[in-house]
Each structure stands twice: as structure tokens, then as C-alpha cells.
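Participant: Generate coordinates for the entire structure from the input sequences, incorporating the hints supplied.
Protein chains: 2
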Amino acid sequence: MDRVAIIGASMTQFGQRDAWIRELLAEAGQAALADADVSPDEIEHLYVSNMASGEFEGQTGVPNALAHDLAAMPAYTARIDQTSSSGGAGVYAAWQSVASGASDMTMLVGGEKMTHRSTAESTDVIASLTHPVEYKHGVTLPSFAGLTARLYLDTYDAPRESLGKVAVKNHKNGVDNPHAQFRKEVDLDTVLDSPVVADPLRLYDFCPITDGSAALVFCPESVAREYTDDYAVISGIGGATDTHVVHERADPTTMGGVVNSSEIAYEMADLEPDDIEVAELHDMFTILEFLQSEDLGFFEKGEGWKAVEEGVTDRDGDLPINTSGGLKSKGHPLGASGVAQVYEIYKQLIGDAGKRQVDADVGLACNVGGFGNCVTTTIMESR
Amino acid sequence: MDRVAIIGASMTQFGQRDAWIRELLAEAGQAALADADVSPDEIEHLYVSNMASGEFEGQTGVPNALAHDLAAMPAYTARIDQTSSSGGAGVYAAWQSVASGASDMTMLVGGEKMTHRSTAESTDVIASLTHPVEYKHGVTLPSFAGLTARLYLDTYDAPRESLGKVAVKNHKNGVDNPHAQFRKEVDLDTVLDSPVVADPLRLYDFCPITDGSAALVFCPESVAREYTDDYAVISGIGGATDTHVVHERADPTTMGGVVNSSEIAYEMADLEPDDIEVAELHDMFTILEFLQSEDLGFFEKGEGWKAVEEGVTDRDGDLPINTSGGLKSKGHPLGASGVAQVYEIYKQLIGDAGKRQVDADVGLACNVGGFGNCVTTTIMESR
Chain A
1 MDRVAIIGAS
11 MTQFGQRDAW
21 IRELLAEAGQ
31 AALADADVSP
41 DEIEHLYVSN
51 MASGEFEGQT
61 GVPNALAHDL
71 AAMPAYTARI
81 DQTSSSGGAG
91 VYAAWQSVAS
101 GASDMTMLVG
111 GEKMTHRSTA
121 ESTDVIASLT
131 HPVEYKHGVT
141 LPSFAGLTAR
151 LYLDTYDAPR
161 ESLGKVAVKN
171 HKNGVDNPHA
181 QFRKEVDLDT
191 VLDSPVVADP
201 LRLYDFCPIT
211 DGSAALVFCP
221 ESVAREYTDD
231 YAVISGIGGA
241 TDTHVVHERA
251 DPTTMGGVVN
261 SSEIAYEMAD
271 LEPDDIEVAE
281 LHDMFTILEF
291 LQSEDLGFFE
301 KGEGWKAVEE
311 GVTDRDGDLP
321 INTSGGLKSK
331 GHPLGASGVA
341 QVYEIYKQLI
351 GDAGKRQVDA
361 DVGLACNVGG
371 FGNCVTTTIM
381 ESR
Chain B
1 MDRVAIIGAS
11 MTQFGQRDAW
21 IRELLAEAGQ
31 AALADADVSP
41 DEIEHLYVSN
51 MASGEFEGQT
61 GVPNALAHDL
71 AAMPAYTARI
81 DQTSSSGGAG
91 VYAAWQSVAS
101 GASDMTMLVG
111 GEKMTHRSTA
121 ESTDVIASLT
131 HPVEYKHGVT
141 LPSFAGLTAR
151 LYLDTYDAPR
161 ESLGKVAVKN
171 HKNGVDNPHA
181 QFRKEVDLDT
191 VLDSPVVADP
201 LRLYDFCPIT
211 DGSAALVFCP
221 ESVAREYTDD
231 YAVISGIGGA
241 TDTHVVHERA
251 DPTTMGGVVN
261 SSEIAYEMAD
271 LEPDDIEVAE
281 LHDMFTILEF
291 LQSEDLGFFE
301 KGEGWKAVEE
311 GVTDRDGDLP
321 INTSGGLKSK
331 GHPLGASGVA
341 QVYEIYKQLI
351 GDAGKRQVDA
361 DVGLACNVGG
371 FGNCVTTTIM
381 ESR
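Residue numbers (our numbering), protein chains in the order written: chain A, 1 to 383; chain B, 1 to 383.
These aren't lab readings, by the way, just hints derived from the structure by calculation. Note that the structure is predicted; figures quoted are calculated from it, not measured. Accuracy of the hints is not assured; some may be wrong.
You can't tell identical chains apart in this list, so a pair holds if it fits in one copy or across any two.
Stated by the list, open to error - Below, a list of computed lysine to aspartate or glutamate pairs in the EDC-like style, where the Cα atoms sit at most 20 Å apart:
hint, residue 1, residue 2
1, 136, 23
2, 301, 2
3, 165, 318
4, 347, 42
5, 184, 316
6, 347, 23
7, 172, 18
Facilitator: What follows is the structure, given as C-alpha cells:
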């Protein structure tokens, strides 16, 4: 079968942006077209990953607006929403559009405009994704992160400092990402002394609220060869849900959606966890990087923290994780995040990651919706 | 290639429902599983067609909630939004999931809960899909319908009564649809004397605001044969956008999205318009049934109105259109409508349409988003 290739990518500056969702999407879309050297009228399918333009801006129909703004008519469009994993779900939709033969040239643009709303308002929109038994009692995603972090530290005898080191590592990586929201190193004391948000987690254990957009151009590998020598392929991709009610999970330190989606992706790619050479994980909270690194099979259960302590996941380690800076320092514009993860892996695989470049031919991106309620895992390989 | 089959379907009662979106989706989903004789744990992908649960109910993450409510974990889920054509876009997503090999058993559930909000509030959510140059000046979708109807009547010398006859026909069909919001015939005088909404269109030229849900179960044809002899196949499917700004269209009586999406679907199915034996069109406004019936190639440009006058599109005519009652009498719960269109064609093709049954082996559903901003066309055949 003709594999699905990525032949171009872009991301906007992430952060507090003086632009609406339509402008952010168009900015990323135009840049990705230029990067792929594809004209708008070649686009057959145009997907938009976005959770909540209606709730955040009172603007719906954003995919049609984007087709207009990019002059991509009559390209087919649709919006893909999977809450904070909308980007990964968009990658899956774009992959399916090419793999099914429906489209020979698909663009995915993910984005979210959030910072014009207060943190309370944004949190309210995000909290509405959880089960009513949870959010009506005040158990929001940060609360789950705190509870899970405490359980993890106790169960696996991990030091509190190990969580802080995830923040330190990802901030250090973000310094070299020109699109990142925060391009500054933080030291461990700063992280550990920052204000408590959900004990034991503190301010620097959390990603920020962010505006931004990212875009990718997909086509069959046979078509890709006509455009460029610098492409990457998606060799495995899968998605899975976990219980919508978090307290129904047998072991809250295991994310079933990560386990199940990655099993599908590994099988499709015919690869093992040991084959992965660089990964972007969904570090919305520092604790999530531990859980995913274990549930993806990179490290034994309860030992993800040791990998961070030992520098295994540093940029110059055996398995660099979040070379982009992760959600932690790059920022987390919901619909864009999963797209930006794949952007980073693509850049690494084609050797265009600048100061962030590592030596890798196989990469993985794991995008988490809710508190692991739905997860998409994508495995990519250099051509 | 193994074609994509539909092996089960359901729709809830459409109308004013005392149930939230999650309940409506679960009701349709459970009924479709029962209809297909498929257990929840067989579902690999679960898509939800829904435009605006966040705006209407303050509830996001609905696909995860549905996976929970149907006990379909760890099935992958995502929400597909394409405004009023979200249902058709969901059908396309479900088709792609099976055709790409990503899923061997996909469920699509479309739904919307709207009637708890005032007409003004609902209209406001819907109007936000249009370009700001339009809605900020008060040009809403009903306004476009009035302007287009006037232009159509003038250009093609069609009588005002012909529009009314669309309403009369579809209400008559709806009487035999147990799930329809309105199950009563209306006479032409009632339609023509109803209050003006957007001249020349009156109240009975418009579909109602509706709560409801519909669901479909998709799998490869080779798998379908293991489950049932009563299945239908999707032999052609396509989607396309038109200009996001309606006044940029060269001829406002032509819907480019209908033309372009159906060309893709016809080519894929290797069929011509003359091969279609039953169709569900998006009669959100009576005028749209004329435009689609022409742009799909059923009738010459400017002659769709004659077909209605001559009874060609009646249930016992040569090309029955909207045997379900259409959006006009069945109702229009945004995310459900495109799914319910395919439900009707499926029922007709497997010979399970009860009093609405016509003699057909090839059917078509055309689902329109915005004022033709994005359109999905699906062609189905009996096995």
C-alpha cells in the first residue's frame, strides 16, 4: 500500500496573539502551503482541528472560512474536535482521507484562540468536557493531575523533584524553539517554590493557556516523491478511549488510551517501543510525561521518573522527549497542540529542526484528550 | 476494493425532546447497535456528528461521553462538525475510517439538542457560521433563501405556488414517518397564506428547529455478509465547498458545492444522475430542493420546479424526493440531519421503509452546510 507522507508543515508563533482564530489558521495554512510548494487549488481535503471556536469566539463554520481565506475552494472541509487531542484526531482524519483514496492532497490546520478569555472562562470551557459527576463537584483536569501525581509519587517511591525536572528539561528545550510561548530556562528551585495549584503540583508543573496554529500537508508517498525529497511518512497511527469517568479506572497511574492507541500504532508500523528515537508527549501537566513514557512502553511502569532523573529523555539522551519544549514551554492552543507535535517530529525526521535537531529516523507523537479520555498516537519514519 | 456497507441504522423521535444531547445520542446509538446486531465492544471507531453542543448546552467532549454511555471503550472517537452538514461529513468520516482500513466496524451517531433555547438564540448560533460581512449586517440564512427564491422565480419564470408544493409534498410524505416532527398534511393555501418570513418565502417554506439523533453502523462489505443479508453499500461519496461569502457566487441559483460534491460521487460510483431512483435532499428551505435537484443533474437548470408541479418527485413519481418528509416535516436537528438522510435511503434500499417504501436500488443523499458553503453527497446501492 502507498504510505501516507507529510510534505510540508508550519506553525505560527504560539503565545498571546492579537489575531482571531480565522487569522491564526490562515497564517499557518498559507505557511504550510509555501513550505510544501503546493498551491491552494491542489488541496482536495482541508481539515481543521479546533475544540471550541464557538465557545471562545462565537464563531462557527471556521473550516469554510479557512477554505475561503486560503482560496482552496472547492476543497472539502470539516472540523475535527476531540477536546485537547483535536490535533491528533485531525492527523488521524487527514491520514484516513489519503489512505482511503478520497484525497490525494490533504491539508490539516489546527488552532485555538483562547487568551482573550479569562483563565476562569477558558477553564470552564475545558472543564465541560469531563463527566458531570466530576466537574459539578469541582474536580477539574488540574485536580486530577494533582491527585494522580500524589498517587504516582507514593506508589513508585518517586521524589517530588523528578516532576520538577520535567519542567526544567522542557523549558530548556523550548529556548531553541522560535515558535514557543516561553523561551526561558527555569531552575529546579523556581519550579519547586512556585505557587501550589493542585498539591503536590505547582504553577510550573502546568502548561499555559495559549493562542496558536499549526498546519501539515499530507499526500500518498507516490505523490510526495513528485514534490520533494524531504518528506516523512506515517507508518502507524491509532486512537483509543479510556473511561469517561476517571475514578472508574482500575489504576489511575495507567492511561488506557495511551496503551491501546499505541498498540494499534505499533502493530501497524511493525515497530516496538524500543525502535522510537524521538517523541513528543502531551505534557499538559508534568506528571503526564511520566505516565505516557511508561504506557507507551518506553520505560517500565513506575520508572519513567528515573529516565528523567538520569537524563535519558534530554535532547542529548538516548530517547529525547519533547525536543520542541512540549506543551509546557511551547504552549497548548488546544486544537493546534497535536498538530504541532507532528510538526516537531516531521522537522526532526527531515533534519530541519535547527538547534533542536537530534539523530532520529523514527519518531512518535502522543496527543491526549481530557485526562486520557481519548488519545491518538502517531508513529512517523523518515523516508 | 471491498466496498463500505451499512448494516444497521436508527433514528430517534425528532421534535421537541425532554432529553439532553448525551441522552439523544445514546438512544440512537443503542438502537443502531441492536438493529445491526453488533455489540458495543465490536465498535472500533465511533464518530459523533454535532455542530454545537458546547454553544447549545455548555457540554463538550460528547464523543467520549457517548463511548462511555454505550460501553464502547476503547473505541476511538471524534466529533465531526460541518455546521448543518455535520451529518454528511460524519458519513464521509465513517466511510473513510472503513475504506482506509483503520476500522472494520464504525458507528456514526449524529445529533443536536436545540429546542430548549429560544429561536433567536438558536438562530444566533447558526448565523455565526456565515461570513462576518453577512451576519453583522443581518443577512442570515433565511434572508439568503428569500433572496435566492425571488431570483429563481424571476429568472426561470416559475410560479410562487411551485415552492409551496414542495412543502405540501414533503408534509404528505412525513405523515408516514413515525419519527417525523410534523406528521400532518398541509394544503397549498395554508402554505401560501402563512406569515411572511423572508419574502417571497413564508413560514411553511422553512424547516423547524428540532431535537433528535440518528445512527448508522458501517463495515467492509466482506464483514457485512457475516452479519446480514440486508445491507446497502456506499458506492460514491464526495464533498466540496463553495464561496464562504454568498454574494461572490457568479450565479446564486447554482450551488457549486452540490455540483462539485456530486461529480466526485458520481464518478466514484460510475453512475449518472439518471441512475438515481430515490433521493433525500436538504430542504431546509423549499427553494433548496429545486436548486439541488438541478445541480445534482436530475433536471435541467431552471426546471426543477416543473418536476414538482408534474408530480415527478412525489412518492409514486419517477424520482421520489424526500420520502422521509425531508427536513421540512421530519425536522432538522443539525448534526442528525445528514445521518437521517442516509438512514432513509438505507431503509428504502433494504426494503424496510414501511408505508414510505418505493421501488429503488440506487439512492442519493445531499447534505448542505450553511447556504451551500460545504456539501456532502452520498450515493448508495442495494447489495
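Participant: So, for every hint listed, does it hold in this structure?
Facilitator: Right, here's what the structure says about each hint:
Taking the closest pair of Cα atoms, residue 136 and residue 23 come within 20 Å of each other only across two copies (18 Å); inside a single copy the shortest separation is 35 Å, beyond that limit. Neither within a single protomer nor between protomers do residue 301 and residue 2 lie at most 20 Å apart by alpha-carbon distance, with minima of 36 Å and 41 Å respectively. Taking identical chains as interchangeable, the C-alpha atoms of residue 165 and residue 318 lie at most 20 Å apart only when both belong to the same chain, with a minimum of 17 Å there against 72 Å between chains. Proximity of residue 347 and residue 42 under a CA criterion of 20 Å is satisfied in neither setting, with 23 Å inside one chain copy and 37 Å between copies.
In the homo-oligomer, the alpha carbons of residue 184 and residue 316 lie at most 20 Å apart inside one protomer (19 Å), although the nearest pairing across protomers, at 73 Å, exceeds that limit. Taking CA atoms no more than 20 Å apart as the test, residue 347 paired with residue 23 passes in neither setting, with 24 Å inside one copy and 44 Å between copies. In the homo-oligomer, the alpha carbons of residue 172 and residue 18 never lie at most 20 Å apart, since the shortest distance is 26 Å inside one protomer and 53 Å across protomers.
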